Amino acid sequence: MADVISTDAPAAGLAVTETSKGTERLHRAIFIGLAVALAVAPFVAYPVFVMKVLCFALFALAFNLLLGYGGLLSFGHAAYFGMASYVSAYTAKNWGLTPELAILSGTAIAAVLGAVFGSLAIRRQGIYFAMITLALAQMVYFFSLQAPRFTGGEDGIQAVPRGKLFGLIDLTDDRALYWLVAVIFMAGLLLIYRIIHSPFGQVCKAIRDNEPRAISLGYRANQYKLAVFVLSATLAGLAGATKAIVFQLASLTDVHWSMSGEVVLMTLVGGLGTVFGPIAGALVIVSMQNYLASLGAWVTVVQGCIFVVCVLLFREGIVGVIAKAIKRPL
Amino acid sequence: MFELLGIPPQALFGQVLLGLINGSFYAILSLGLAVIFGLLNIINFSHGAQYMMGAFVAWMCLNYLGMNYWVALLLAPLIVGATGVLIERNFIAQLNSSDKTRSVIFVAVALVAFVALTRGLSEMSVAVKFVIAIGIGLAASSAYSWRRPFAPSETQTDHLYGLLLTFGIALIIQGLFRNEYGSSGLPYQIPPQLAGGQNLGFMFLPNYRGWVVVASLVVCLTTWFMIEKTRLGAYLRAATENPTLTQAFGINVPLLVTLTYGFGVALAAFAGVLAAPIYSVNPNMGADLIITVFAVVVIGGMGSIMGAIVTGFTLGLIEGLTKVFYPEASATVIFIIMVLVLLVKPAGLFGRTA
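Protein sequences appear in the order of chains A and B. For the first sequence, the positions run 141 to 470 when my numbering is used. For the second sequence, the positions run 93 to 446 when my numbering is used.
Bound conformation, chain A alone (with noise of 0.2 Å):
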């Protein structure tokens, strides 16, 4: 990677195309990079291990385009991700659904949820938005806890089968399941990465930037930030019921609002508004909770540590100061 940036020096007049052409071979190298990691990661580490970090990492990066490219600062994203998990957890037990189906039914649930609540979270901006989206998925938390013929209630639904992919592939060898895991993952961060640099992304950057501006330019801010909005909420779910397959368990856990604070400081360690920072956070704060685990509710007192130190000290996250010292955008 490093004589990839060496070779680039931008000349004065063609600076911009220069830097970006540099930028996309960098963003291409670490895509290399990370599907090398990828191939070699469950040789190295424990396979459950990496999945889990794999699931949580496409939820931050669902929770990054919508607050670092949309603007929108969701506190109910665990809904989304929580009611993915019930559903895709339900489908493959009682219907006897294959994984794939049941993680696209989930997602699809997702999408649908993401649509009614993003319709209604826009109508108001700023603080409120956050209210609203945090009370919406308070409601979901509610309902999964009065519903237990669906959510098992307090026990969630558990011994999930992972079943056979397509009916073909056995996915009870952590082996299998994480090659499954590892290319929904892949897919869904190019997906990310694909929307952020459309002209899409470009026109979601710009309402979050300035909204009246965007609105005076013609763009329905409203359809941007509720398309944004629901692209953010199924990838959520595409997180959630790819989690419930790989550990066989959707709980109360995935709905609670704890669970909204997670994704959001994931996001806020890795980097906020940066592509790569949230797989960085994610990375970052499920090894902590490894190794916190036998702490108990000390995981509580230093995450809440980390919110505060992070929005005194390190607002730019692990990512956002590496792409300030290379000046690149990562």
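These are computed hints drawn from the structure, not numbers from a lab. One or more of the hints may lead you astray.
Calculated lysine to aspartate or glutamate pairs in the EDC-like style (CA-CA distance at most 20 Å, straight line) [said to hold, decoys possible]:
#	chain 1	residue 1	chain 2	residue 2
1	A	K304	A	D314
2	B	K192	A	E456
3	A	K345	B	D250
4	A	K192	A	D314
If you're wondering where the values come from, they're calculated on a predicted model, not measured in any experiment.
Dock chain B against chain A, hints included.
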């Protein structure tokens, strides 16, 4: 005895009373949120944790210091309000300052102090050491910024970071109390003066529950009077409207901001003390409540003080009635009303369009 729609009046009025009690907590908490939001432009996510702190301070006053309920009712808001002042000065006010040195000093000193304490003293619980380390860090950073003029920032705090900061503080407070006291809840007795109840003929009114509703109403209306009718309230409203101009007229706006945050937090703590004998004193008691209060705030809109009070009590009442007629929906009814209000009047019932 008469019956209403097949519901025995005892049950009906019992739930109405419970609804009014919940409504008074909604009213006090959303009032505090609205006052803080007006001046600081942040949503105080730690409001629920501070409500819980109020209940815990009352419990500690009784069990460690032998102080009764009435002393705690005065003392707990003062103590929790003082911690609120510290939080505002040392964290919220630092959100916009370009000089990060103070925060760096705080984090570094607190970290070193915490490590030193965990190495050195073993008889104290970790939570106590954590709090002491925070205190040392605050002392060091305050010593650094002593007599440095505090420049009010021109730009208003970005609501995103205000929310995340107070969310982090809420996590810390709740985690500390859960470590120290577990999450099963601690009992708190109703003060003897308010034990027993009145038979009103159509229902039995426990004295304490009546007291909670009356005390909340008095506090809410006093707050409304202070903000709308007194000179201090006029300063507050002026600073809400235009902080720079108010500062130019010689009013110490940063001090006003700090005191306002402290006051809002003290209100939450007051509600916590009131709640202590009704619900058990539990580290998680504020966490779910605050989300419902957010919905209340969305329904009412934060533009009007009286609006917050009226919305709080009304929604509590509606929730109580739902418990009688359709118990399955009682947990979600406020959120459903929020959805309806968003569809019909997005700015909130008492809100000004932003």
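We went through each hint and held it up to the structure:
1. A/K304 x A/D314: 13 Å, holds
2. B/K192 x A/E456: It holds: about 14 Å lies between the C-alpha atoms, which stays within 20 Å.
3. A/K345 x B/D250: Given that 20 Å is the threshold and the Cα spacing comes to 18 Å, the pair holds.
4. A/K192 x A/D314: Holds, because 12 Å separates the two Cα atoms, which is no more than 20 Å.
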